[in-house]
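Protein chains: 2
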Amino acid sequence: MSITIAVDAMGGDHGPKVTVPGSLAALAHENDLNLILVGKPDHIEAQLSKSGPGTSSIQVQPASETVEMNEDPARALRRKKDSSMRVAINLVKSGEADACLSAGNTGALMATSRFVLKTLPGIDRPAIVAALPSLRGHVHVLDLGANVDSPPELLLQFAIMGSVLVKRVEHKPKPSIGLLNIGVEDIKGNGIVKRAAELIQQSGLNYCGYVEGDAIYTGDVDVIVCDGFDGNVALKASEGLATMISSIMREEFSRSAFRKFAGMFALPIVNAFRKKIDHRRYNGATLVGLNGIVIKSHGGADALAFRQSLLVAATAVREKVIGHLSDELSRTLQAVPH
Amino acid sequence: MSITIAVDAMGGDHGPKVTVPGSLAALAHENDLNLILVGKPDHIEAQLSKSGPGTSSIQVQPASETVEMNEDPARALRRKKDSSMRVAINLVKSGEADACLSAGNTGALMATSRFVLKTLPGIDRPAIVAALPSLRGHVHVLDLGANVDSPPELLLQFAIMGSVLVKRVEHKPKPSIGLLNIGVEDIKGNGIVKRAAELIQQSGLNYCGYVEGDAIYTGDVDVIVCDGFDGNVALKASEGLATMISSIMREEFSRSAFRKFAGMFALPIVNAFRKKIDHRRYNGATLVGLNGIVIKSHGGADALAFRQSLLVAATAVREKVIGHLSDELSRTLQAVPH
Numbered sequence: 001m002s003i004t005i006a007v008d009a010m011g012g013d014h015g016p017k018v019t020v021p022g023s024l025a026a027l028a029h030e031n032d033l034n035l036i037l038v039g040k041p042d043h044i045e046a047q048l049s050k051s052g053p054g055t056s057s058i059q060v061q062p063a064s065e066t067v068e069m070n071e072d073p074a075r076a077l078r079r080k081k082d083s084s085m086r087v088a089i090n091l092v093k094s095g096e097a098d099a100c101l102s103a104g105n106t107g108a109l110m111a112t113s114r115f116v117l118k119t120l121p122g123i124d125r126p127a128i129v130a131a132l133p134s135l136r137g138h139v140h141v142l143d144l145g146a147n148v149d150s151p152p153e154l155l156l157q158f159a160i161m162g163s164v165l166v167k168r169v170e171h172k173p174k175p176s177i178g179l180l181n182i183g184v185e186d187i188k189g190n191g192i193v194k195r196a197a198e199l200i201q202q203s204g205l206n207y208c209g210y211v212e213g214d215a216i217y218t219g220d221v222d223v224i225v226c227d228g229f230d231g232n233v234a235l236k237a238s239e240g241l242a243t244m245i246s247s248i249m250r251e252e253f254s255r256s257a258f259r260k261f262a263g264m265f266a267l268p269i270v271n272a273f274r275k276k277i278d279h280r281r282y283n284g285a286t287l288v289g290l291n292g293i294v295i296k297s298h299g300g301a302d303a304l305a306f307r308q309s310l311l312v313a314a315t316a317v318r319e320k321v322i323g324h325l326s327d328e329l330s331r332t333l334q335a336v337p338h
Numbered sequence: 001m002s003i004t005i006a007v008d009a010m011g012g013d014h015g016p017k018v019t020v021p022g023s024l025a026a027l028a029h030e031n032d033l034n035l036i037l038v039g040k041p042d043h044i045e046a047q048l049s050k051s052g053p054g055t056s057s058i059q060v061q062p063a064s065e066t067v068e069m070n071e072d073p074a075r076a077l078r079r080k081k082d083s084s085m086r087v088a089i090n091l092v093k094s095g096e097a098d099a100c101l102s103a104g105n106t107g108a109l110m111a112t113s114r115f116v117l118k119t120l121p122g123i124d125r126p127a128i129v130a131a132l133p134s135l136r137g138h139v140h141v142l143d144l145g146a147n148v149d150s151p152p153e154l155l156l157q158f159a160i161m162g163s164v165l166v167k168r169v170e171h172k173p174k175p176s177i178g179l180l181n182i183g184v185e186d187i188k189g190n191g192i193v194k195r196a197a198e199l200i201q202q203s204g205l206n207y208c209g210y211v212e213g214d215a216i217y218t219g220d221v222d223v224i225v226c227d228g229f230d231g232n233v234a235l236k237a238s239e240g241l242a243t244m245i246s247s248i249m250r251e252e253f254s255r256s257a258f259r260k261f262a263g264m265f266a267l268p269i270v271n272a273f274r275k276k277i278d279h280r281r282y283n284g285a286t287l288v289g290l291n292g293i294v295i296k297s298h299g300g301a302d303a304l305a306f307r308q309s310l311l312v313a314a315t316a317v318r319e320k321v322i323g324h325l326s327d328e329l330s331r332t333l334q335a336v337p338h
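Sequence order for the protein chains is A and B.
Per this note's numbering, the very first residue in the first sequence carries number 1; after that it's consecutive.
Per this note's numbering, the very first residue in the second sequence carries number 1; after that it's consecutive.
Isolated chain A (complex conformation):
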């Protein structure tokens, strides 16, 4: 099976300087991958030529505009019809690509994807979902920032989508679902969370009740459902803490000649450790609920992280996530009284 992914080559903080080497690294890792790099051809080709001989697995698709990282999503959608982001999404719509990937403006990616691809039947708004490392594997958390003030019905849709996604990409028959709250007791939380708990309970999903923020890392459940504001706060706080910890570690190991010496002995251990907590290895969030696969890379991603998000896209295609989502959405939504 050959997989084609459209890459917004201009997106992200670094543009083609990261997206092109990241794309080449993904091609070296996956045999069945073809990439369409979308953007300004001279910018893209300048980076490609730096990387040695060309490959037939890469194609360049021109797009004259670029969505800025802090541009208003509605404005980008209305005005920039030939942006690298928009053209990449169009390639999914037309069937020329199986998925698209962008490290660009998240709001614009979401708005443009919704406009071009539409949502799946039964889904009001797409969510952003990503796997985070836990003590027992991964936990998929959604929504990570696409929706603020999500009503209970939307949280139920997140639960269904998270369950299907994990069933496919992690090959778990009945993923366990937790609902993020500020305590595990029934009296905790606000009216929205309490109503969402009732809906998810009735859905036939493997619902395990409320979880607190630490459940992201204990791995007690496979999927954590939350409003996008809370998910985003948890994700960014975790990134901040992981960065601080890496920095403290570096400092502790370079504080004296003896420590540098001791550090040499411990280097393989410290490297294995840092690799495990490196959030670049978890880059690649899925915009789930769309009628097509759209993956978001962190804007500040480097080539390693960008490559990782391409692998996430390839897995979603390979596991036919969209087809399974459509099937199971209609089945599960029927089980819940509206």
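Honestly, the hints are just simulated from the structure, not real lab data.
Note that the coordinates shown come from a computational prediction; the quantities given were computed from them, not determined experimentally.
No copy labels: a pair is met if it fits in one copy or bridges any two.
Derived DSS-like pairs (lysine-lysine); straight-line CA-CA distance at most 25 Å:
id: 1; residue 1: K118; residue 2: K93
id: 2; residue 1: K320; residue 2: K172
id: 3; residue 1: K118; residue 2: K188
id: 4; residue 1: K275; residue 2: K260
id: 5; residue 1: K188; residue 2: K81
id: 6; residue 1: K118; residue 2: K320
Starting from the known structure of chain A, fit chain B onto it as the hints suggest.
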């Protein structure tokens, strides 16, 4: 200056087994401290007698009831008038203690404190605030879970209280304030956050705009203001991540005989590192906005962590936080149109 703190000796997951050794450890650290241990005298004295000769700095105050960790706060307030928690708070009200500390049920501590001590003029609801470690020192975050669905006016009150607290306990003349959001651009967030930004902007505080979750650890601002749901999620997610990282580290250093050997060299470094990220060293959250000092220890605290929260209480008393809060609240609230 002599400081007296009432300790809810029965509170927390471990009760006197932790609160008594933690109290003795705090006395060993602070010269001017007196403690009133509140609870069942036989339980408390059994622990005291294990710790060698008595000290005149400790007094035991009987209380016949205990608030359970998962008890409904309203029920505890109504029914348990002789709980160790209630009696400890009463000692603050009567002036016999300068502050009280509990590792017990957070909701019950908040409800009982509000009922007994009342809030300061201008404060609708108290908040929970704690210092978290950042790359540049500490960041004080509030609210950490006392209030869900906080309206903009409450977020302004949090900003004022956080500013005064940091001014006193960190000796910073003009603490910088950030408002937690899911992006730093003006278009991000919901209506509540946007309105809160306007109010804090007008207040004369040193407001620096929106911050994202990672700001807790970068230390870009001194105070982060947020709704209690979001603050609690960020705090718990961070605790979960820190625990996971410690556990991975232990595992990496014990994976083989060579690694254990290398680990011996690196032990002082690893210990210094773990000490820095140990959240027990940041135990002790303040219930700010009350007409009295009430400190909450983590329910699962060990003696080291419990001792730390006693030091937080002693600092709040020493720095006359309540008096300064009253003064500055009335001044700052006058600056904001209602």
